[in-house]
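Asks: Starting from the known structure of chain X, fit chain R onto it as the hints suggest.
Spelled out from the first residue to the last, the chains are:
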Amino acid sequence: MNIRLITSFGFSVLRLSTPLIFAALSAAVCQKAGLFNMAAESMMLWGALIGVIVSGATHSALIGFLAAVLAGAVTGVLIWVATVKGKADLMLAQIAINLASSGGTIFLLFALTGEKSNSAVAIKSLALPKIAIPGLKSVPVIGPILSGHNILTYGAIVAAILLSIFIRRTKTGLHIRAVGENPHAAESVGISVPRIYLLAWTLSGILGGIGGAFMSMGYLTSFTKDMVAGRGYIGLSASSMVGGSPIGAMFCALIFGVADAVSNQLQLTNAPADLVLMLPYIVTIVVLVVISVINYNRANRKAKA
Amino acid sequence: MEALKMENITKIYPNGFVANKGITFSVQQGEIHALVGENGAGKTTLMKVLFGMEQPQEGAIYVNEKKVKISSPLEAIELGVGMVHQHFMLLPSMTVAQNVTLGMEPRKNGLVDTQKAVQITQEMSDKYRFGLDATARVGDLSVGLMQKVEILKALIRGAKVLILDEPTAVLTPQETRELFEQLKLLRTEGHSVIFISHKLEEVMELCDNVTVLRHGYCNGTHPISELDAAGISRLMVGRDVVLKIEKEDPKPGKPILEVRNLTRTNAEGKKTLNDVSFTIHEGEVLGIAGVEGNGQSDLSDSISGMVSYDSGTVKLNGKDLKGMKIVDIRSAGMSVIPEDRMTVGCVNDLSVQDNAIADRFDKKENMNGIFLDKKKAKSITDALIKEFEISCDSQDEAIRFLSGGNIQKVVVAREFTSGANFVVANQPTRGVDVGTAEMIRKYLVRQTREKGIGSLLISADLNEILEVSDRLLVMRQGRIVAAFPKANVVDVDELGEYMLGIRTMTAQEMEGVL
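Line order of the protein sequences matches chains X and R.
Under this note's numbering, the letters of the first sequence match residues 354 to 658, in that order.
Under this note's numbering, the letters of the second sequence match residues 4 to 517, in that order.
One chain only, chain R, in its complex shape:
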């Protein structure tokens, strides 16, 4: 029986972004159904629609073959749809039982019947072999167990269809295996599971059917038995519009940035960088591709001095950057176009001018004694606005009133004119319009070729990474798993297989390309 069907779902966000376009998919009772797709393919939006967190413009949802309207998560829960969010909705100071029964606490004599709450929670946990202690404080549990609490919360509310949004992203391999056993147990009990994941080996191992989304469209539902990982990868990764950037071959000069054996463990104890080594030379763009969350952000932050790392070295122009202040790293020749322009790239409430000169207002030539040389500041900013075609009413306007593309142009303008000979560009065109994106890409290539700077480009946009980069590395789980000497001849299907972990290059294969 069809436990759930979403028919012809179209969701367009107010800013015009089409997240889902005519998607139809259905989940049978007692099946584990994978929903896969690249970042931004529309998986999360589709699940938000299903869970009543977003309202689609078109389409219908059927639960148990009855048409329903889901306008809030509560209604979804009542219809037997449960969701385990990537970010847990838990109360760390309370016990497992309190968390599980929150909002539906058993009562006795007007007070909460703690014993009963513990009892029903424990029974449920034992039934599905979750191994939870109902009286433990949630804050003391491991991430894997917290996830179990979330699943239990959904089950106790009568969920028949369980949505798991990248559940294994936070788990150790052992915890992942355990989770799979429990999900299979749920399947035999007649529950349906929607399993959202990037990890194809997990999809192959666990799921019965897979639905692939790409750029907001549904790329079909297939039985897992008819596909192999490479096949799924081909359905997921693809270039719709091929973008071309004219550029001659690089003539790499002497090394500018040398990264050796860089290793970092994050606050959760997970190794986000694992023995990463590479070199970037004058006049070349090194691209790093990978599914987001495989250590790219930590790499960019470690190199630019935003976070510290466990071991390894980062040398810029022959200088070891370890322990240096950011201002000193910048004067050693680094500029950074950060991933998150609104928190790291600019100061929202300051003017365009203040943001444009943020790195140079204290330089001697821009000062008038102890005061800022306002005339100089204005002329610097005017020149940048002109060169980078930044559209703003005035340079005294707060930068947050500009469009995303123009804000990014201000950041890019500042970073490209800082006088540095090395630039880290982390997702430089994310969320900006097509025209601006093209301009930023061309500028990056031009700067590299003409001025001989070295560039590190990190991007989840395959078009961009393949066209802009000269050499290309692939990161997965904090490691470099592949290296290509020429990015624009790399086969997309092959790249997808490295990104998704179907293939890994050996050290010998990568030798000379790092």
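So here's chain X without its partners, still in its complex pose:
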């Protein structure tokens, strides 16, 4: 294998992992609050579409990005309203919102442009900038892998670190964890559980929205229908595996990114395409099983001790 192949593979791992990391962080916030977030998919989808529409309309990538974030946050708040204020079942509400978002994004695209599957022709949307890291760029192998990514790829790593500090070290983060572990205990010392849920869903929506913005303003430069393609669920798996730890979720997302990249590479070979496309999902199942076996054994050993 030549160096170029290695660097391009490494580069694509980071690129492909970026939306997975945001999805994983979106799920992680909720998991820490004791909520099961299946709706990262919707948050990302709306973020992707609104980012494209607003950046096209305003000719500003930044405003488009902020609109995408807002769209994700609104999706999160919607779930909170339905489940906390409206007392709807969390799972059903999220399934409903996922199905509605899949259709709703296409409908909005069609209503605005007459297109049903791709915004590329109708909307001149902008992409977020790529960043070349001055010193790093010229380092062999590592340089080409790490430098020149979309700003949100770096943003994903920064977000994971910030979220980790937020959850572990701030008062609000502590309260999120308390609510997640035992809502009654939290309530008994005056922490408002609904308020914490609202915060978690909003934060989760923001992260999902950023992930969506990356999909349509970085990974691709247009919105295509159902472009999130299950990444929200993979993020959820990544977060579940590590108990919602943001840094852990980021690394898990990277493992899935590797599977994605391998799948992409194999598509260039003679390997059967359908099987190859299954790879990331198979990896998900395998890793989930391995982790739960490890946890089970650990719990067993602890019980015996």
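If a hint is listed, it holds; no wrong ones were tucked in.
The calculated DSBU-like cross-link candidates involving lysine-lysine, where the alpha carbons are at most 30 Å apart (straight line), are:
id, chain 1, residue 1, chain 2, residue 2
1, R, Lys322, R, Lys273
2, X, Lys524, R, Lys111
3, R, Lys367, R, Lys454
4, R, Lys328, R, Lys257
5, R, Lys445, R, Lys247
6, R, Lys130, X, Lys524
7, R, Lys70, R, Lys24
8, R, Lys367, R, Lys389
9, R, Lys70, R, Lys8
10, R, Lys72, X, Lys438
11, X, Lys524, R, Lys119
12, X, Lys438, R, Lys51
13, X, Lys440, R, Lys51
14, R, Lys8, R, Lys202
15, R, Lys130, R, Lys111
16, R, Lys8, R, Lys24
17, R, Lys24, R, Lys69
18, R, Lys389, R, Lys250
Hints were generated in silico from the structure; no laboratory data involved.
Since the structure is predicted, the reported quantities are computational estimates derived from the model, not experimental observations.
Replies: Same frame as chain X, now just chain R:
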């Protein structure tokens, strides 16, 4: 000074149950005040009222001689009332310091000041000699230490009156002694403690005054120095209405159920059954009395095969039941009226019919090839509804829409007609109306006398246990501590003393009655 006074508190639940009726009691500053009473006497409700978890229909609460309104636990905490719940409100994955300072975390530069939190927690723990390590994870602590964390949580929030709801129920004797030392220390510091307990020896040792509740009424407040344990027991245990069941003396036949040296340790490592042995014969009802939580549930579950046990044998009709599947135990001749009818006794969402035939739908005579014989199912259910006077709109109605009494009737109807010659009835009339309760009791006696089945009756209702049972055993801390050959002549005061651990029979005294 009066730290706290509850005056004329009346609490009636929406279903009409009168939990507290005109209760007045007060706690002085720097005293440990016992609140005692049987299960259902209203202790927990009264404390819920005090802690703002329930709103009374009548009555007033005074803290430091000022009238207050407490409408939530937070308000109670602000007024200096702290509560240590029986079920801890803790976060196992967090440290002691994090748990103690939750919701009032010290901060520095926007982040939680972990060092400060640890420091104030440790200082508090050392001050009251709790022996806690503020940096330890709560999940790694023993139950006794977890309780200390709960107490610390209340103290750090400024609690002057501390409510402890059966704090020693989960403790080892050593931990109990330690807790008492710490509570006495709190008393000298001017705190007041409300100590809820069943264990009279603890009340005698620790408390200054005792308030006794009985059936929702206050049976007076007395200085401990003026009472002995037997006196408290008499105030607690009593029969208001004496219920009579006409029945002739039993003519016990051959043994049906033989329990020998049954011992069980539960998941928390506590011995809930300790060398329990007894025999039940054809045609007799054996009653087991005791304060709830002294191993009765484990006994019923061990016999009926719901849980496994460490050692000993349970023989039904000469067959050792150890390791048998429940379906096989049932076909060996067991039927069970479980304590919790909603989770074990029936399937909430299934119809009356499905529940009534749950144990017999797969019998050959009730099947039509591989299908259920719906006609047969209907006629079986109709007969049961008629015989047991179950009121339901239709037998296809989901059972959860029925009243508690009628649900229990369905369970009782199924269990009494299963063809078994032995029945375990665990709290068979709890929470059902008076009429249904009477019917169930009479049915139990009749079945035993006429059909010659053997019955094990476990009940916290003294009226019931004394009238329905033929022989009577008393359980305490997983052991049989007393045995009476004739239940309906047992003196209630004497029974109370055995239940509460003031007296214990020797093996010789119980010989021949087990």
